[in-house]
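Visitor: If you read the protein sequences in the order shown, they are chains A and B. Mapping to this note's numbering: the first sequence position 58 is 60, numbers consecutive. Mapping to this note's numbering: the second sequence position 69 is 79, numbers consecutive.
Mixed in with the good hints, there may be bad ones.
Subject to a maximum C-alpha distance of 30 Å in a straight line, what follows is the list of computed DSS-like cross-link-like pairs (lysine-lysine) [what the hints assert, rightly or not]:
(1) B:LYS170 / A:LYS35
(2) A:LYS280 / A:LYS141
(3) A:LYS47 / B:LYS164
(4) A:LYS35 / A:LYS210
(5) A:LYS21 / B:LYS64
(6) A:LYS21 / B:LYS156
(7) B:LYS64 / A:LYS9
(8) A:LYS21 / A:LYS210
(9) A:LYS63 / B:LYS64
(10) B:LYS132 / A:LYS47
(11) B:LYS12 / A:LYS47
(12) B:LYS149 / B:LYS42
(13) B:LYS175 / A:LYS47
(14) A:LYS123 / B:LYS132
(15) B:LYS132 / B:LYS64
(16) A:LYS210 / A:LYS280
(17) A:LYS141 / A:LYS123
(18) B:LYS175 / B:LYS14
(19) A:LYS21 / A:LYS9
(20) A:LYS210 / A:LYS9
If we take Cβ atoms under 10 Å as the criterion, some of the chain B residues that face chain A in the derived model are [to be verified]:
(21) PRO65
(22) GLY70
(23) THR76
Everything labelled a hint here was simulated from the structure, so no lab data went into it. Each residue gets a CB set at the ideal place from its N, CA and C atoms; glycine is no exception.
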Amino acid sequence: MRVINTKELIPVVNDLVKKACIDLDDNLMNALKQSILLEESELGKEVLETLIENANSAREKQVACCQDTGIAVVYLEIGQEVSWEGANLTDMINEGVRQGYGEGYLRNSVVGDPILRENTKDNTPAVIHTNIVEGSEVKITVMPKGAGSENMGRASVLKPADGVEGVLNYVIETVENAGGKACPPLIVGVGLGGTMEKSTLLAKEALKRPIGDRNPISHIAALEEELLQRINDLGIGPIGIGGRVTALDVHIETFPCHIASLPIAVNLQCHANRHASKVI
Amino acid sequence: MKFKIGDVLELFGDVYTARDAAHKRFVETIAKGEALPIDLKDATIFYAGPCPPKPGEVIGPIGPTTSTRMDPYVEPLIQQGMTAMIGKGERQDYVAELCKKHNVVYLLGIGGAAALYAENIKSVENIAYDDLGTESVKKLRVEGLKVIVGIDTKGNVLHKEGKEKFKR
Ligand code: SF4
Numbered sequence: 003m004r005v006i007n008t009k010e011l012i013p014v015v016n017d018l019v020k021k022a023c024i025d026l027d028d029n030l031m032n033a034l035k036q037s038i039l040l041e042e043s044e045l046g047k048e049v050l051e052t053l054i055e056n057a058n059s060a061r062e063k064q065v066a067c068c069q070d071t072g073i074a075v076v077y078l079e080i081g082q083e084v085s086w087e088g089a090n091l092t093d094m095i096n097e098g099v100r101q102g103y104g105e106g107y108l109r110n111s112v113v114g115d116p117i118l119r120e121n122t123k124d125n126t127p128a129v130i131h132t133n134i135v136e137g138s139e140v141k142i143t144v145m146p147k148g149a150g151s152e153n154m155g156r157a158s159v160l161k162p163a164d165g166v167e168g169v170l171n172y173v174i175e176t177v178e179n180a181g182g183k184a185c186p187p188l189i190v191g192v193g194l195g196g197t198m199e200k201s202t203l204l205a206k207e208a209l210k211r212p213i214g215d216r217n218p219i220s221h222i223a224a225l226e227e228e229l230l231q232r233i234n235d236l237g238i239g240p241i242g243i244g245g246r247v248t249a250l251d252v253h254i255e256t257f258p259c260h261i262a263s264l265p266i267a268v269n270l271q272c273h274a275n276r277h278a279s280k281v282i
Numbered sequence: 011m012k013f014k015i016g017d018v019l020e021l022f023g024d025v026y027t028a029r030d031a032a033h034k035r036f037v038e039t040i041a042k043g044e045a046l047p048i049d050l051k052d053a054t055i056f057y058a059g060p061c062p063p064k065p066g067e068v069i070g071p072i073g074p075t076t077s078t079r080m081d082p083y084v085e086p087l088i089q090q091g092m093t094a095m096i097g098k099g100e101r102q103d104y105v106a107e108l109c110k111k112h113n114v115v116y117l118l119g120i121g122g123a124a125a126l127y128a129e130n131i132k133s134v135e136n137i138a139y140d141d142l143g144t145e146s147v148k149k150l151r152v153e154g155l156k157v158i159v160g161i162d163t164k165g166n167v168l169h170k171e172g173k174e175k176f177k178r
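Chain B extracted, bound-state conformation (with noise of 0.2 Å):
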């Protein structure tokens, strides 16, 4: 992928929303080398979990969750075909190497501007493990889903290079 950090992305596509229960779900249904509800080949996955609708409205407010919580998770997925993650904050330093090696993007929301997102969600389908509440597997349809690149495939740091630059 030719993008580099900084670089601001309007997403068009469908993207997968999972978070701490459900990437715990998947690896258990790897480890136990039972069939994924999704596939991961190509896929991004949205770190969130959404508001409920109000009455007519397609879904709640969403936005990114603290990514780091998931890394632990991000090995087996990209083995499962996974090439983009949204999310906010740092990750740890194997994140970046899992990037580079497997030309994979770690791509920032702006954490906490969730109105604005759900209206570039333009549907929603449940996918998996609707027990976990806020917290199942939903495909959602988004257009102009803004972005940041936060780690670009050749596993540089946003995070670290800005604060570099801005610290006094």
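One chain only, chain A, in its complex shape (with noise of 0.2 Å):
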């Protein structure tokens, strides 16, 4: 039984955040610097370069690439080797955040009541998600999501009737619908099976997967290559106005459902795609 106090888990959120709020990874740099080779729009191309910019740009300077700098959504994933001491844990990632959208002069985009809609002022809460994994290790993602891109997410529990062709129109009308709004160039995150709160977790989780890599499931990989040919043929591109470059990516995660049901959800992710981890 290894035991971690806490505690420990302040500095390390602290650093994520800022690291995911200012730093673009390689992985999406790449991918961006990729997508102006497809683009055929030169206004598109134009835009892309500016994104490019832009991220190198924050770096230099240490600060947000984007103004939307999110909500806070934090990942443990916990070793079951793994005992806890000390404060409560849900305060201590809290703190976390709190110290660093502070420290990081990142923007406080969370209002405490979803009707009365007052601003927390400090970024909190986050919204955390658990899973209890193998080994005596936690590793911690922490993945600021802005809501312009949030706001654009479907989820529905579809009929088995629906099938493949169900699904894929369930995704490109979900991007079509999202158009510039979402600030493609988007990754494009699907959650299959499960059950209706199963999917949208998994539509997440998809998100953190890199760009490029495709689901081990061979068939799935395949809806994955379709999709993306689909959603970059309607030509909505980059920031909406015409182009090539709708999706960088798309990711599907799966899992066993229910013999009734085929839920599905879709979360989409606009090109300032913030995530970062650590392992304690």
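Using the supplied hints, reconstruct the complex from the two chains, each of which is provided in its own coordinate frame.
Guide: Right, dumping it as structure tokens:
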């Protein structure tokens, strides 16, 4: 049994928040650079170049790459050999979020009550997902999620008879409906199967996968490629003003489901694809 | 205005930030027959809420937010004299109609290019609704702020024409 004091999470979350919001990773930067070669619209190319220039400038000045520094989504993959001591774990994560958003000069974009809508002024609370895994380590991932893209996601439960065509159409319709509002080029996360809530979790999990990586299940990988092609045929383009590059990639995660249902969720990620992880 | 959709412009001058919460207060104020905190005559509204500035900086990263949430407020603000809006994304069809009818333009900022845009802002003045935090109304002096004409005064819509052109 390994004992970790929950306090150890504060500096880790603090650093990950800043890193995620300021530094877009090489995987994304390379994908953006590649996408310029595919883009046929001159204006689209100019937009993509601006995005790369912006990311470099953010890194240089150590400021947020996008002003919408999101609501903090925090994942904990906790080894089952770990035992916790100290103060309330949720409070410690929120303290890390509070410090990170403050020290990083990041925007506070969270309201405390969805109806009364008063800003909490420190970007807490975070949305926390925990998962128990093998081992004695803890992997912490921070994914700040902006509303422009999050607002355009959708979830539903299709009928098994809707089949592959139903799935493809649902994803394509979601992207088409999002248009320029979600700040394309996008990474499209799809959760397929499980239950209603499981599919939405899978859709967000899918966004963690590096751009260019395929699902190991071959027929799902084929669906990813077909969707990428069809989405880029829509013509939406960078920031939605017409062009070839609407999505940088499509990632599908699956889970077994009930004989009578086909849950599906689509979580759209804008080009400010922010996430950072650390193992302790 | 002579601009047409797809034109890339560099803006110089004053713009006001206002997004969801500030717009709601604007229309409530107008409905009560009271004076707005800013004169909207010939004004440009930037749908944006910046990050806080680092010490020594004029403003933190700033960029456009999704405009369609402000669609219901466009007409009352045009009636007060607003002539341009800066935001991102498609809008409802009636916004293009309003632009055509009242000689107003909708300009697209590049969503997510916030670190660069901060460099084009030379001064910031807090005007109203400070309690709204990032959503307060600020007057920004901009120099060379790059935008693309999204809806022109003829009511043409770049998102529609652009998508049509590249659809396969
Ligand atoms: S959708 Fe993404 S890139 Fe666009 S403004 Fe929101 S966080 Fe920034």
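Visitor: Keeping to a limit of 30 Å between CA atoms, is the pair of LYS35 of chain A and LYS210 of chain A held or broken?
Guide: Holds: LYS35 of chain A and LYS210 of chain A sit about 20 Å apart, inside 30 Å.
Visitor: Regarding the pair LYS132 of chain B and LYS47 of chain A, is the alpha-carbon distance no greater than 30 Å?
Guide: Since the Cα atoms of LYS132 of chain B and LYS47 of chain A sit roughly 28 Å apart, the hinted pair holds (cutoff 30 Å).
Visitor: Can you confirm whether the C-alpha distance between LYS210 of chain A and LYS9 of chain A stays at or below 30 Å?
Guide: holds, 26 Å
Visitor: Given the proposed pairing of LYS123 of chain A with LYS132 of chain B, does the C-alpha separation stay at or below 30 Å?
Guide: holds, 26 Å
Visitor: Please check whether PRO65 of chain B passes as an interface residue: C-beta within 10 Å of a C-beta belonging to chain A.
Guide: holds, 9 Å
Visitor: Within 30 Å, alpha carbon to alpha carbon, are LYS21 of chain A and LYS9 of chain A?
Guide: holds, 20 Å
Visitor: Can the restraint linking LYS63 of chain A and LYS64 of chain B be considered satisfied, given a maximum Cα separation of 30 Å?
Guide: Holds: LYS63 of chain A and LYS64 of chain B sit about 10 Å apart, inside 30 Å.
Visitor: Quick check on the hint: GLY70 of chain B CB to chain A CB, less than 10 Å?
Guide: Holds, because the Cβ-Cβ distance from GLY70 of chain B to chain A comes to roughly 6 Å (cut-off 10 Å).
Visitor: Assess, step by step, whether the Cα of LYS132 of chain B is no farther than 30 Å from the Cα of LYS64 of chain B, and give holds or violated.
Guide: holds, 15 Å
Visitor: Check whether the Cα positions of LYS21 of chain A and LYS210 of chain A lie no farther apart than 30 Å.
Guide: At roughly 15 Å apart (the allowed maximum being 30 Å), LYS210 of chain A and LYS21 of chain A satisfy the hint.
Visitor: Would the hint linking LYS64 of chain B and LYS9 of chain A be met if the CA-CA limit is 30 Å?
Guide: holds, 27 Å
Visitor: Hinted pair, alpha-carbon criterion (30 Å max): LYS170 of chain B, LYS35 of chain A. Please report holds or violated.
Guide: holds, 26 Å
Checked against the numbered hints listed earlier, the structure breaks none of them; every hint is satisfied.
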